[in-house]
Structures are given as C-alpha cells and as structure tokens.
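At position 4 of the sequence shown the residue is numbered 4 (the working numbering), and the sequence of numbers has no breaks.
Treat the hints as calculated values from the structure; they're not laboratory data.
In this text, all values refer to a predicted model and were calculated from it rather than measured experimentally.
Each hint should be verified, as a subset may be incorrect.
Unchecked claim - Think about it this way: if two alpha-carbon atoms lie no more than 30 Å apart in a straight line, the pair counts; the simulated DSS-like pairs of lysine-lysine are: (1) K189 with K34; (2) K141 with K130; (3) K189 with K153; (4) K113 with K15; (5) K130 with K153; (6) K195 with K130; (7) K54 with K141; (8) K72 with K44; (9) K113 with K141; (10) K141 with K34; (11) K34 with K54; (12) K113 with K44; (13) K34 with K9; (14) K44 with K34; (15) K15 with K54; (16) K87 with K195; (17) K15 with K87; (18) K153 with K113; (19) K113 with K54; (20) K189 with K130; (21) K72 with K87; (22) K34 with K15; (23) K34 with K72; (24) K72 with K141; (25) K9 with K54; (26) K44 with K15; (27) K195 with K141; (28) K44 with K141; (29) K87 with K113; (30) K9 with K113; (31) K195 with K153.
To be verified - Label-pair distances were calculated between CB atoms; the ranges are: (32) D133 with T12: 49 to 59 Å; (33) V38 with S132: 24 to 34 Å; (34) A121 with Q146: 17 to 27 Å; (35) T138 with S110: 34 to 44 Å; (36) K54 with D75: 33 to 43 Å; (37) T12 with S110: 39 to 49 Å; (38) S144 with E5: 49 to 59 Å.
Note that CB positions come from ideal geometry on N, CA and C, so glycine has one too.
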Amino acid sequence: MSFQEDYDKLSTGEKSQFSETMNNLLYHCFIVRKRYDVTTGLEKIQYDYTFIEKHYSVFEEYLDFIDMVISKDDDCGVIFLRNALDKNRERVDTATTFVIYTLRDFYEDSLEKQPNVLQVAMDSTQLRQKLSDLGLSTASKRLSLQTISGAMKTLASFNIIARGRGSFNDNNYSFFILPSIKYIISTSKMNALYKFLTGSEEQNEDSSSSNGETYESTQDKDESKEGVVTADKNEPVGF
Numbered sequence: 001m002s003f004q005e006d007y008d009k010l011s012t013g014e015k016s017q018f019s020e021t022m023n024n025l026l027y028h029c030f031i032v033r034k035r036y037d038v039t040t041g042l043e044k045i046q047y048d049y050t051f052i053e054k055h056y057s058v059f060e061e062y063l064d065f066i067d068m069v070i071s072k073d074d075d076c077g078v079i080f081l082r083n084a085l086d087k088n089r090e091r092v093d094t095a096t097t098f099v100i101y102t103l104r105d106f107y108e109d110s111l112e113k114q115p116n117v118l119q120v121a122m123d124s125t126q127l128r129q130k131l132s133d134l135g136l137s138t139a140s141k142r143l144s145l146q147t148i149s150g151a152m153k154t155l156a157s158f159n160i161i162a163r164g165r166g167s168f169n170d171n172n173y174s175f176f177i178l179p180s181i182k183y184i185i186s187t188s189k190m191n192a193l194y195k196f197l198t199g200s201e202e203q204n205e206d207s208s209s210s211n212g213e214t215y216e217s218t219q220d221k222d223e224s225k226e227g228v229v230t231a232d233k234n235e236p237v238g239f
C-alpha cells in the first residue's frame, strides 16, 4: 500500500498530528518513549512516540521519499532517523564531543549496576567529576562552564538528555541521560573516540575523521539542525 493510500485513511485530526509529529521527528532526530517531567517529578510517556508507533508504516513510507530511514528500538523505547545517503551530518564542537563521550561512559557504568534502568540520573557535579576522571577536563582550553552549558543544550534539543532541576546555565543542575545516547556513538567506536579525544591539543582543536565519523570544531560555523544526525551507513546515528 502506498503512502497516499495510508495517509488518506487518517482522520483530519490525525493528519494534523502527523504533520506536527513528523516535524518534531525531523527536528529532534530522536524520539523517546518516556521522559522525566519536571513539573510532576515523574516519567511521562511521550505522545509523539505512541503516535509514530501506531502509524509507523505511514511515517516509514513518507520518509522513504526523502531517503530517510526510521528505526525503532522497543526495548529501549527509542525511535531514531538516519539518512540513507549519509548526508546532513550534525557537526559538533570540541566541548560537545567531550560531553558526549563522558555521558555515554557514565550511562554504561550505571547500566552495569542497574541493567533495567533506561534513564540515568546525573548532575553537574558528577559531570564535572567524570570529565576530570577521564582526563578530559584539562584536555582542551575550550572546555569551560559556558561551553559545557552549550553542549548540554544541544544534546537536550536532540532528546539525548532531559533537564531535571535547574538550568544548564546554572552552576548546579540535574538531568537525565536518555537511552538515545546509545545511538549517538556505537560501543565499537568508543575506543576510537577516546583515542581521538586524548590526542594532541592541536588534533582536538582541528578537524579529524575516524572510521567514517567526523568530529570537527565548528564554533564559527552554522550548526543548523535542518537535517538528521547520522553516522556511517552501517550505524544508526551519531555525530
């Protein structure tokens, strides 16, 4: 059955919701099933996730027109995109690269202790300590409270983390690492990224490419989220 046939079966309200949800998916790249709700202090099921789940084939058929591939991990509760042509990659600066690695490392350590937990709580003190433990806090002059704050905002916009208490501009805040962190960088590339991050200062500050993934400082470039965050063609997604 074609996209048009499936789409025509939707009600007027569902068509409106389809448009809104599709835009959210293309903007955020990741949709998670549950997120921490700051107001209630509880996990809340995300309507975008359940709507995509219900009308998955319609989303799949539509995205195929623009060479986008949608995937769903029911165990982790993550829906994510990749570009079939390996285009529209998000380029991130040094600080964001450091933070991504640190959050993934903290997330994996936490899962070893609590394997059934999908969202991992962390705060700014733990983040700074983890950066220090990994030897990253002094690895680049660009790593500061301001650049870390910017990195956290970027990752929150992609549904990689969810803010808890406080603001990312504050000295002290809490947040949740979402299961989508697993698809930013694969486990197999953690070691390669670690070697990159702990290389020379000059290497960290300039562009580099490893195994198909590009890590580039773009503080002076337009980091538009017009496209999706993608890794290489054999990996779901990644910076």
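Hinted pair K87 and K113, Cα distance within 30 Å: violated, 37 Å
Hint check for S110 and T12 - Cβ pair distance inside 39 to 49 Å: holds, 44 Å
Pairwise hint evaluation, K141 against K54, where the allowed Cα distance is 30 Å at most: violated, 47 Å
Satisfaction of hint between K141 and K72, Cα-Cα up to 30 Å: Measuring from Cα to Cα gives roughly 38 Å; hence the hint is violated.
S144 paired with E5, Cβ distance criterion 49 to 59 Å: holds, 54 Å
Restraint status (C-alpha distance of K141 to K130 at most 30 Å): Distance ~17 Å between K141 and K130 Cα, so the pair holds.
Given hint K15 paired with K34 - CA-CA distance at most 30 Å: Holds, at roughly 23 Å.
Verdict for T138, S110 (Cβ pair) under range 34 to 44 Å: Once the Cβ atoms are compared, 25 Å apart, the range 34 to 44 Å for S110 and T138 is violated.
Pair hint K195 and K141, alpha-carbon separation not exceeding 30 Å: holds, 18 Å
Restraint check for K9 with K54, where alpha carbons must lie at most 30 Å apart: Roughly 13 Å separates the two Cα atoms, so the pair holds.
Restraint check for K34 with K72, where alpha carbons must lie at most 30 Å apart: Roughly 14 Å between the alpha carbons, so the hint for K34 and K72 holds.
CB-CB spacing for Q146 and A121 relative to the 17 to 27 Å hint: holds, 24 Å
The structure does not agree with the numbered hints 4, 7, 9, 10, 19, 24, 28, 29, 30, 35 and 36 stated previously, though it agrees with the rest.
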